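*Asks:* Chain by chain, the residues run as shown.
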Amino acid sequence: QQQVKQSPQSLIVQKGGISIINCAYENTAFDYFPWYQQFPGKGPALLIAIRPDVSEKKEGRFTISFNKSAKQFSLHIMDSQPGDSATYFCAASRQASGTYKYIFGTGTRLKVLA
Amino acid sequence: DAGVTQSPTHLIKTRGQQVTLRCSPKSGHDTVSWYQQALGQGPQFIFQYYEEEERQRGNFPDRFSGHQFPNYSSELNVNALLLGDSALYLCASTLRGGYTFGSGTRLTVV
Chain A
1 QQQVKQSPQS
11 LIVQKGGISI
21 INCAYENTAF
31 DYFPWYQQFP
41 GKGPALLIAI
51 RPDVSEKKEG
61 RFTISFNKSA
71 KQFSLHIMDS
81 QPGDSATYFC
91 AASRQASGTY
101 KYIFGTGTRL
111 KVLA
Chain B
1 DAGVTQSPTH
11 LIKTRGQQVT
21 LRCSPKSGHD
31 TVSWYQQALG
41 QGPQFIFQYY
51 EEEERQRGNF
61 PDRFSGHQFP
71 NYSSELNVNA
81 LLLGDSALYL
91 CASTLRGGYT
101 FGSGTRLTVV
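From first to last, the protein sequence lines stand for chains A and B. Residue numbers for the first sequence, in the working numbering: 1 to 114. Residue numbers for the second sequence, in the working numbering: 1 to 110.
Calculated directly from the structure, the hints in this document are not laboratory data. Just to be clear, a hint being listed does not mean it is correct.
What the hints assert, rightly or not - Simulated coverage check for chain B against chain A, where a stretch passes if three residues somewhere in it have a Cβ under 8 Å from a Cβ of chain A:
hint : region
1    : 31-42
2    : 50-58
Claimed, not checked - Now the stretches of chain A that chain B is said to cover, found in silico as 3 or more residues with beta-carbon under 8 Å:
hint : region
3    : 44-54
4    : 99-106
A quick note: this is a predicted structure, and the numbers were derived from the prediction, not measured. Yeah, the Cβ is synthetic: ideal placement off N, Cα and C, and Gly gets one too.
Chain A extracted, bound-state conformation (with noise of 0.2 Å):
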C-alpha cells in the first residue's frame, strides 16, 4: 500500500513533442503528489505538485493531471527541449499527518531529441 508505481523507466521524444509520465498509487490517504526532477550528480528539484482536491494543475510547459478515482496521476510535458532531459520521479505523501515522508516512485529516464 506504500509503494507508488511510476512507468515507463525510460522516454525518448523528439524535440518539440508531448512527453508523458505515468503514477500509480493504492493508499487514499496520500495528500500531496509532487513530481521531481533530478539531473545527473544533482539532488532533485521540485518541478510541480498537486493536492487531490483539483483534477489538473499546469505550470509554463509542465502540467499535473490527477485522477482520483483510479488513484492515478501523470506529468505532460509539452514542447520537450533537449533540456528537459533528464530523470523525472513522482512521489506521494501523507501531508495531513503532520509528516512529509516522501513515497518515491522508480523514476524516468527522458531523453529528448535535438
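Given chain A, work out where chain B should sit, using these hints.
*Replies:* Relative to chain A, chain B alone:
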C-alpha cells in the same frame, strides 16, 4: 539564499567503518529528512527530524542514526558499513510544504 547544503560531496569508506554525513537546511526550514538513493532507483526515506527529535523512520536498520541540532542542521551516522550502503544520500528540508533537496553525498563502500 542558500538552499540545502550537504557535506562532504563524495566519500569512500571501507566495509565495517563508520561515517557521518552533514546537512544544513534551507534558511527558514525546520524539518530535515534523509533519503538513500541507490543507483538507478528512487530515493528511499530513512528518517525525519523536527525539533531535534526523530519524528518518523523508514525501513532502515539501527545502524542508521541521526541528530538534529538547535540551528536545525542535521547529521546522518551509519555504523558498520556494508557494501550495500553505497548510495547517494540526500538531505531534504521543509517548512510544512514541499521538500528542497541538497545535491547529496555520494558514499562508496569498498
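*Asks:* Next, verify each hint and record whether it holds.
*Replies:* Hint check results:
1. Given as covered by chain A, the region 31-42 of chain B passes the check, having 6 residues with a CB less than 8 Å from a CB of that chain where 3 are the minimum.
2. Given a C-beta distance limit of less than 8 Å, the hint that chain A covers the region 50-58 of chain B holds, as 3 residues qualify and 3 suffice.
3. Remark: the region 44-54 of chain A is confirmed as covered by chain B, as 4 of its residues place a Cβ nearer than 8 Å to a Cβ of that chain, reaching the required three.
4. Residues of the region 99-106 of chain A lying with their CB closer than 8 Å to a CB of chain B number 8, which satisfies the three-residue condition for coverage.
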